[in-house]
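For the record, the sequence lines run as chains D and W. Residues 1 to 394 (this note's numbering) are what the first sequence spells out, left to right. Residues 1001 to 1163 (this note's numbering) are what the second sequence spells out, left to right.
Watch out, some of these pointers could steer you wrong.
In silico DSS-like cross-links for lysine-lysine, where the CA-CA straight-line distance does not exceed 27 Å [said to hold, decoys possible]:
1) K323/D <-> K1091/W
2) K77/D <-> K306/D
3) K77/D <-> K1156/W
4) K77/D <-> K1091/W
5) K1149/W <-> K77/D
6) K323/D <-> K1149/W
A few chain W residues facing chain D, derived, Cβ under 7 Å [stated by the list, open to error]:
7) Q1056
8) H1061
9) L1083
10) P1109
Pairwise CB distance ranges, derived in the manner of DEER restraints [unchecked claim]:
11) D315/D <-> V1010/W: 31 to 41 Å
12) R82/D <-> K1156/W: 16 to 26 Å
13) G1026/W <-> E207/D: 50 to 60 Å
14) K1022/W <-> E324/D: 44 to 54 Å
15) E59/D <-> V1036/W: 44 to 54 Å
16) E309/D <-> E1095/W: 21 to 31 Å
Simulated from the structure, these hints should not be mistaken for laboratory data. Quick caveat, the model's predicted, so the values are computed rather than measured. Glycine included, C-beta positions come from ideal geometry on N, C-alpha and C.
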Amino acid sequence: MLSEERRNETVALDGTASERLARPDIRSEFGLETMDMNMGPQHPAMHGLLRLILELDGETVMRCDPVMGYLHRSQEKIAENRMYPAVVPMTDRLDYFANIHNEHGYVLAVEDLLDAELPPRAEYIRVLMSELMRLASHIPSIGFLMLELGAFTPILYAFRERERIQNFLEAITGARMMFHYFRIGGVKADLPPGILEEISEYLDGLEGRFQTDTVDLVTGSEIYVARTKGVGRMTPEQALDIGVTGPPLRGTGVDFDIRRDYPYSVYNELDFDVVTDDAGDVAASYRVRIGEVWQSIRIIRQVIEKMPEGPVMADLGRRLRPKEGDGFGRVESPRGEYAVHVVSDGSDSAYRVHYRDPSFCSMQLLQEVVPGHYLPDIMPIMGMIDPVSGGWDK
Amino acid sequence: MAVSMPGGDVASRLSGYLDGLKNRHGLEEGEVEGNVVRVVVAPESVPQVLATAKAQLKVLHLSFITVVDWEGSFELTYELLDLRGGTVRVKTVIEGTEPVIGSVTSVYPTANWHEREAYDMFGVAFRGHPDLRRTYMWQDHFDHHPLLKSFDISTKRTFEGLR
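Chain D on its own, in the form it takes in the complex (with noise of 0.2 Å):
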């Protein structure tokens, strides 16, 4: 464990990440040569099938050329062949450690085609759901930051932890990862009997697991503070720039979340605050995330005490045919900003459906902040975007 001042001390690397580049005159005189190298697509850091093109000055990189397609699917193509219902299911095969939100990002789009009035208690079985898939997403994503940088044990108790979650939403939808769960106009089935009740007594649990087994454990290892502190460090305009969303934009200050600044469901009647942290590196986003996971328990705990009755599902006739025009849906997932478009022509499939997912935009900074750094920087960075190979290929 570091003591607390070694903890706080102020990073070592001076200056920008690309200023430690050997400079190109003493290259010439020397005739140092430059080296290419493929990193993945098969790579156990690479969160799924990613491929970097990486040009290296020692173990400097100098240039990363990320190459993406290997688990293209055309989701979107195939959204246009479908009717409007039988879409819900294949954005669960977007994002598959955020699977909730992708369904919420896109059933929004057509409620607003539709203009759609959902009963109170589907939206607040919608922000529950939501916030139990941030828990269970945001918890193993400390654990892969850890895995990557060579620490064991993190993933082990984030696994723990997201296995009892997903065992409630096994309970609620009854699957364990592809849930489709939310409907057009509502989800699909009520809650089971006493199910609150539990989440209840397992969340007084997590707050004493959490702190002990992962916050405990990861902010005083000296593995995390020597790999994250300084790494891929970010001013808030460049990442504005490179189009980085959720806790990497967090980290840097800028204080934006989907959840505050353009309210869905029921996000607008819950008290939370959003945090932020002006570090903009690794370490700023991980210690976002951890912010985070207290803010959801908080969620959760709101949305159990106000739980209305009432039915979960709004009576929109058994065809969907949206006016022509455009539909939006805007949702925070646990990567940022998820956002669909659906275009209607009023017939009963959509004539285009757009997904906007984090992962692809905030894998641009791959190109911008990771030259300079050195080859074993790229795990953490990728930790930091915590990219799934699902969304960025769609």
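Position chain W against the provided structure of chain D, taking the given hints into account.
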């Protein structure tokens, strides 16, 4: 915090955005609906309109670019967020089947991959883009743009020149 967030209430801010865009670019179509400013502009003036939105009106975040193939024309939607509840939605229509439009990467660098994706899926050529390559599909031997309506999913595709 280095980035200044817009203040005031959303309604007055949005009418400010609409007036700013209309006055500087002589736009005819434009309205405020809910928390969204919608403007329709000619394809030639898209980079200038977005430059105004970023530099003068401080709308800092480009959320996404959607392309819709209306078989004969292409509709592009640029979704801009001011990060505090306001949205500016810029639409443009490019006539013809070989769309060309100016790139906005110099204004919003995040447009880089969004435009690459639009080029990959629809064949929209973005003039002035620094690195217009395909994102998902094969770089060579594949001459199709799969999200075009003329791309029939039941037809088997071949890779020209590849055995």
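Right, here's what the structure says about each hint:
no. : hint                           : in the structure
1   : K323/D <-> K1091/W             : holds (19 Å)
2   : K77/D <-> K306/D               : violated (40 Å)
3   : K77/D <-> K1156/W              : holds (15 Å)
4   : K77/D <-> K1091/W              : holds (22 Å)
5   : K1149/W <-> K77/D              : holds (9 Å)
6   : K323/D <-> K1149/W             : holds (21 Å)
7   : Q1056                          : violated (17 Å)
8   : H1061                          : holds (6 Å)
9   : L1083                          : holds (5 Å)
10  : P1109                          : holds (4 Å)
11  : D315/D <-> V1010/W: 31 to 41 Å : holds (32 Å)
12  : R82/D <-> K1156/W: 16 to 26 Å  : holds (21 Å)
13  : G1026/W <-> E207/D: 50 to 60 Å : holds (58 Å)
14  : K1022/W <-> E324/D: 44 to 54 Å : violated (26 Å)
15  : E59/D <-> V1036/W: 44 to 54 Å  : holds (48 Å)
16  : E309/D <-> E1095/W: 21 to 31 Å : violated (55 Å)
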